[in-house]
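Chains A and B, in that order, give the protein sequences.
The first sequence lines up with residues 299 to 592 when you count with our numbering.
The second sequence lines up with residues 113 to 491 when you count with our numbering.
Please note: incorrect hints may appear among the correct ones.
Footprint (simulated), chain A over chain B, 3 or more residues, beta carbon under 8 Å [claimed, not checked]:
#, stretch
1, 338-344
2, 364-373
Derived DSS-like pairs: lysine-lysine, alpha-carbon spacing no greater than 27 Å straight-line [claimed, not checked]:
#, chain 1, residue 1, chain 2, residue 2
3, B, LYS414, A, LYS417
4, B, LYS248, B, LYS140
5, B, LYS410, A, LYS420
6, B, LYS367, A, LYS417
7, B, LYS193, A, LYS417
8, B, LYS294, B, LYS414
Sample of chain B residues with no beta-carbon within 12 Å of chain A, all distances over it, derived [to be verified]:
#, residue
9, ASN160
10, LEU279
11, ASP307
12, ASP316
13, MET317
14, THR318
15, LYS491
Calculated from the structure, these hints are not laboratory results.
Even for Gly, the Cβ is constructed at its ideal location relative to N, Cα and C.
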Amino acid sequence: MEFFNQITQYAISGLSTGAIYALIGLSFAIIFNSTGIINFAQGEFVMLGGVLAIVSITALHLPMPAAVAVAVVGTTAVGLAFERLAIRPLKNATPLSLIIVTIGASILIRGLVMLIWGKDTKALPPFSGDTPIEVAGATILPQHLWIFAVTLLVIVASRLFFHHTITGKAMRACSFNRRAASLVGIGVGRMVLLSFLISSALGALAGVIIAPLTMTAYDVGVMLGLKGFCAAIMGGMGSGFGTVLGGLILGVLESLGAGLISSGYKDAIAFFILLLILFVRPQGLFKKGETDRV
Amino acid sequence: MNKLLTTTVVSFALTCLSTVALAAAPIKIGGLFAVTGPASFLGEPERNSAQMVVDEINKAGGVKGRLLELISYDTGGDASKAVQLANKLTKNDHVVAVVGPSTTGDAMAVIPIFEKAGVPLVSCAAGIKITDPVKKWVFKTAQNDSLAVARIYEQLKKEKKNKIALLTVSDAFGSSGREQLKGQASHYGIEIVTDETYAPKDTDMTAQLTKIRGSQAQAVICWGTNPGPAVVARNAKQLGLTLPLYMSHGVSSKKFIELAGDAAEGVRLPSGKVLVAELLPKSDRQKAALLAYIRDYKNHFKAEGDHFGGHAWDAVMLVKNAIEKGGDTPAGIRSQLEATRGFAGIGGVFNFSAIDHAGLTKDAFVLVEVKNKNWTLVK
């Protein structure tokens, strides 16, 4: 029984961390799909979300819902400014140079936050208390339920948006073929801006809901970004649902690995899986291989 | 005639004044602190404290009528930069003694420079390697990790708990602590039943704690610096872990209580006495120094002085006392440092000797427990 309880605890802990990875992974995939670049500043959006929420609560004394709104809107503004100032002006740049621009932007954002906000780690109060809840012999916190709920909501919303609205379909069209999309009258530039808007808002949301659990400092974005990237790669950088599954699998494997094998190898296990997938199934776990017609 | 006399008197007085001014050329002390970079939680309070003591000493008239001047540089926690700056201090600035560096890595890198230049170094880093084996010109004020470990084990032995679980962070601080914890266990008759680690940036330690919950352990010792241990405390509360949770002196600041929130209640850790200065009995020899340090730090920086800043306070005071007794030459300061006995500072009561340049015993640590968001002494 004790062993069974342990396994449930590992699985549930893993799922809750995995849900965070999934959210961040989704925001990676959205930008990748409309621009073909991997935005390495994505982790910084997550960090900004948490930091802005804490600032709104401690310095501006806003109530929690307002603080969440400020964090999401503020981060989205940063995301839009980033697209306008750093991505758009480079019209004919290759994806590789754009990726390097995003790395530069992430270092810049991190540095600015360090200078303005300081180097201390700070915590956000939990949304609805911190009395543990028992589920099948394992315990989770109310905050975990928030994470699951938000992830679920985001999956459903993104599914509806990308498959059932004109704008969403237009964004997907850009990801398949930018040139063809612009030929049928889709404003590609506008779609790119929109993708930055959605993904920075999503990143901020992830940052806010995890801040009560994981706490936030100027440098938390790096590792979270990498793990989210792992999730997106596992999902094949495209299919929304695949990325979510990728994140959940990653979280559970990490947690099981730490519990059953050795906690020293926790990150090694995650990155080993990433490498394995890149070697064996570069198109992702849940995507059929694409064929190019010559 | 009268006028001549006045002129003579005035010029004589002026000459006297200028001689005084000449004699009062300040004594230069160097400082190396990791004010920026990953170890800034050490370097910043250390630099602040060092500057503060020097200002206070000067305000009180200096050392034997001469002012002190602190020339301090920021190593950024980077050993190669520390080496450059150490050379600058010895070759260009001609300092008579140096306080710092903040980290063991920086300290080990600069030791050869001071050994060669023959300038005393009073390190604020904790690594046992810094003064073991003893180096002629190197002293240190930060307590060895081994003393903190001994303090915890002593308490566990008293409570007859002999099976423990370790949860250490996988960085230099954590692995040094882990080595000490494993090395000293048998001496206290303690058995380590689980030995887990976590990465410095990990955000969830429930897996490790679940494993510990399923083991035979009677207590958990977590060794790390913020924010990891705060996450551990929160996760332990989430899992309903009832085992006593011990932390290292690496989290001995209010910051930990703030981060861990309610989960900090009941957590115990070895700490320098600065956290609980007011609670110490009047007979404690350090009490006066501790209260003075806390008061001065609050006046200067509007913040609470911590354990780490205390290392720099001790270092500057030790150098000052040595200058008072042995003059302002590096060699004189060195021999007086080595002769220091019973100096009650912030980190403990220092007794240096030719075979001990660390000078502290495990009495430098007290065991504290978090109660009602504050520190209390564990009896």
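So which of the earlier hints does this model not fit? 8, 10, 11, 12, 13 and 14
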